[in-house]
Structures are given as C-alpha cells and as structure tokens.
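Undergrad: These are the residues of each chain, in order.
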Amino acid sequence: QQQVKQSPQSLIVQKGGIPIINCAYENTAFDYFPWYQQFPGKGPALLIAIRPDVSEKKEGRFTISFNKSAKQFSLHIMDSQPGDSATYFCAAGTSGSARQLTFGSGTQLTVLP
Amino acid sequence: GAVVSQHPSRVICKSGTSVKIECRSLDFQATTMFWYRQFPKQSLMLMATSNEGSKATYEQGVEKDKFLINHASLTLSTLTVTSAHPEDSSFYICSARRLPYEQYFGPGTRLTVT
Chain A
12 QQQVKQSPQS LIVQKGGIPI INCAYENTAF DYFPWYQQFP GKGPALLIAI RPDVSEKKEG
72 RFTISFNKSA KQFSLHIMDS QPGDSATYFC AAGTSGSARQ LTFGSGTQLT VLP
Chain B
8 GAVVSQHPSR VICKSGTSVK IECRSLDFQA TTMFWYRQFP KQSLMLMATS NEGSKATYEQ
68 GVEKDKFLIN HASLTLSTLT VTSAHPEDSS FYICSARRLP YEQYFGPGTR LTVT
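Sequences listed follow chains A and B, in order.
Numbering of the first sequence is given in the numbering used here, commencing with residue 12 and proceeding in unit increments.
Numbering of the second sequence is given in the numbering used here, commencing with residue 8 and proceeding in unit increments.
Just so you know, the hints here were simulated from the structure itself, not pulled from any lab data.
As the structure is a prediction and not an experimental result, all values here were calculated from the model.
Just so you know, not all the hints are guaranteed correct.
[Said to hold, decoys possible] Quick list of the computed label-pair ranges, beta carbon to beta carbon:
#1 A/GLU70 x B/PRO114: 18 to 24 Å
#2 B/ALA79 x A/GLN20: 37 to 43 Å
#3 A/GLN119 x B/PRO15: 46 to 52 Å
#4 B/GLY60 x A/SER66: 37 to 43 Å
#5 B/PHE35 x A/GLY71: 43 to 49 Å
#6 A/ALA81 x B/MET52: 24 to 30 Å
By construction, the Cβ of each residue, glycine as well, lies at the ideal position given by its N, Cα and C atoms.
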C-alpha cells in the first residue's frame with residue numbers, strides 16, 4: 012500500500028514535445044505529491060509539488076495533473092528542451108509527520124535537439 | 008527552494024577505514040533528515056531517518072552498527088560508514104525535511120572504497 016508506481020521507465024521526445032510521466036498510488040493517507048528532477052551525479056531537486064485539494068498546478072513549463080478519485084498524478088513538461096534531459100521521480104508523502112516520502116522508480120527523459 | 012549541503016562530494020578510502028559524510032540544512036531548521044543510497048540508474052533507497060536529539064530509525068536490512076547516524080543539531084546530520092568495504096561504494100544522498108511538506112536533497116557524496 013506504500014508503493015508509488017511510475018511509468019514509463021524511459022521516454023524520448025523531440026525538442027518542443029510534451030513528455031508526460033505518470034504515477035499511481037494506493038495509500039489514501041498521502042496528501043503531498045512532489046516531483047523531483049535529477050541530473051547524473053547530482054542530488055534530486057524539488058521541481059514542483061501538489062496537494063490533493065487542487066487538480067492541477069503549473070510552474071513555468073512544468074504542470075502537475077492530479078486525479079484524486081483515480082489516485083493518479085502526472086507531470087507534463089511543455090515545450091521540452093534538451094536541458095530537460097534528466098531522471099524524474101514522483102513521490103508521495105503524508106504531511107505533518109516525520110514519515111519519509113515514498114518514491115517512484117524514476118523515468119529517464121531524453122529530449123532530442 | 009531551500010539549500011542542503013553535503014560534504015564531501017567525493018571520497019575515496021581504503022577498505023577497513025571509516026568515512027564521515029556531513030549533511031547541513033543551510034537556511035532552515037530540520038528536525039528530521041533522511042539518508043539514502045542510490046545505485047546507478049535506480050531509485051533512491053532510504054537507509055535511515057535521522058531525528059534531532061534522538062536515535063536514528065533504520066530501514067530493514069541496513070546495519071545500524073555499520074552506518075552510524077548522528078543528528079546533533081537542527082541543521083546537521085552525519086553518516087559514518089564504519090569499516091568500509093568495496094560493496095559499500097555507492098552514491099549517498101541526504102535530505103532535510105522542512106515542515107510541513109517539503110523535502111530538500113543535498114548534492115550527494117560519491118564513496119569509492121578500494
């Protein structure tokens with residue numbers, strides 16, 4: 012019940028395309044859903060996060076869509092650039108406690124020039 | 008976003024020696040920090056949860072006597088790999104939790120044990 016399932020494992024798009032990464036969870040206690048971006052040899056960087064009281068959140072070219080009833084959320088990257096090539100992790104957590112985040116398995120995104 | 012630093016970024020040590028890795032939250036206080044290990048092309052594997060002023064909580068399968076964690080202040084947690092062996096070579100990443108939600112990661116430490 013603690014799992015977060017992420018797909019696809021890898022994704023290749025052309026520059027300007029809109030890659031979409033999907034995540035699904037089971038635990039209804041989760042109320043915080045962040046996305047992290049990680050470049051090789053670096054730590055993950057918090058990209059954008061959403062709480063279940065909204066269905067969509069945009070920050071720059073990054074958008075999270077959230078479907079509470081389906082227990083799914085996704086990351087969309089608008090006008091993708093080669094510099095967006097990285098590994099993306101979704102995660103889920105419970106606010107207000109010291110419990111750790113549960114991470115997805117990661118998606119390796121390649122944006123071709 | 009908040010800043011979490013990690014030191015050293017890379018370390019090479021000989022088998023049997025101990026290595027200490029520091030994790031600092033630079034612009035916020037973190038009562039809880041986490042230590043992860045990451046293998047190439049894999050997700051983050053939580054090793055332990057570090058709570059300020061109390062003992063760390065280790066995940067199943069992680070040897071607490073080998074991976075010593077100390078969270079002596081609200082901005083500093085350390086991970087000491089004792090009697091390191093080549094199989095301990097990995098990428099170690101810490102994170103600090105800023106309540107109520109966000110978790111910020113350090114840049115990671117590449118440990119190589121020869």
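Undergrad: Against the structure, test the hints numbered earlier, and report the numbers of the ones violated in rising order.
TA: Of the numbered hints, 3, 5 do not hold.
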